[in-house]
Amino acid sequence: MINYSNNRKVMVIFIFTLTIILMPSLFFISGRSYNNDQEIMNLKSSRIEYSQALWMDNPNFTDTANPWFPSIEGDSTDVSTSYSPDQANFEISGDKRYFDEISGTPIEEEWQNTTNPFFPALPDFHEIDEYGCEVSHTWIDPNDPIQAPSIHWERNITMPVDMSDYRITSASIS
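When we follow the numbering used here, the leftmost residue of the sequence shown carries the number 7, and every step to the right adds one.
Because the hints were derived from the structure by calculation, they are not lab data. None of the values given here were measured: they were computed from a predicted structure. Where hints are given, some of them may not hold.
Stated by the list, open to error - Label pairs and their computed distance ranges (CB to CB):
1) Asp150 - Leu24: 54 to 62 Å
2) Asp150 - Asp171: 47 to 55 Å
3) Ser178 - Ile54: 22 to 30 Å
4) Phe96 - Ser142: 54 to 62 Å
5) Ser170 - Asp147: 51 to 59 Å
6) Phe96 - Tyr172: 17 to 25 Å
Glycine is no exception: its CB is placed at the ideal position from the N, C-alpha and C atoms.
Using the sequences and the hints, build the whole thing.
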């Protein structure tokens with residue numbers, strides 16, 4: 007006597023396995039048939055409007071009886087304007103400065119050690135000397151909560167120029 011339920015289970019498993027194997031290949035085949043670089047032929051616009059109206063007065067910035075003039079709001083010493091044939095020129099006046107206030111060997115009196123609020127435990131030893139910054143800590147018990155020590159050094163830097171009249175647009179530290 008033939009056991010149809012066992013054959014049926016084997017057939018279902020076979021079809022399921024075959025489906026899992028063949029499904030990804032269908033995605034690859036359908037993906038290859040679509041070409042992004044294909045040029046669309048016979049493309050027609052639905053409407054074209056022609057206009058001869060100028061969008062701005064004196065678009066070539068040529069000298070006229072009423073020459074082009076800028077309208078500046080705020081501090082007019084920050085921008086200088088001019089025009090030449092075919093373009094208007096805006097030049098932003100600004101400074102580019104460099105200083106090396108924090109270069110050289112650190113001095114302990116200039117730097118202040120602070121505690122990280124997320125890791126409040128201090129290391130066993132920390133100092134700044136003529137050789138640089140040094141920190142050391144001894145890990146004894148891995149389950150001890152004081153095994154994530156941290157030390158931060160901070161220093162206030164005084165700029166050689168009064169910065170209250172400046173707007174800093176970019177800065178870099180190297």
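Hint by hint, here is what the structure shows:
1. Asp150 - Leu24: 54 to 62 Å: holds, 58 Å
2. Asp150 - Asp171: 47 to 55 Å: Holds - the Cβ-Cβ distance for Asp150 and Asp171, about 53 Å, lies within 47 to 55 Å.
3. Ser178 - Ile54: 22 to 30 Å: Between Ser178 and Ile54, where Cβ atoms are some 50 Å apart, the hint is violated.
4. Phe96 - Ser142: 54 to 62 Å: Taking Cβ atoms as reference, Phe96 and Ser142 lie about 57 Å apart, which means the hint holds.
5. Ser170 - Asp147: 51 to 59 Å: The hint (51 to 59 Å, Cβ to Cβ) holds, given that Ser170 and Asp147 are roughly 52 Å apart.
6. Phe96 - Tyr172: 17 to 25 Å: holds, 19 Å
The structure does not agree with numbered hint 3 stated previously, though it agrees with all others.
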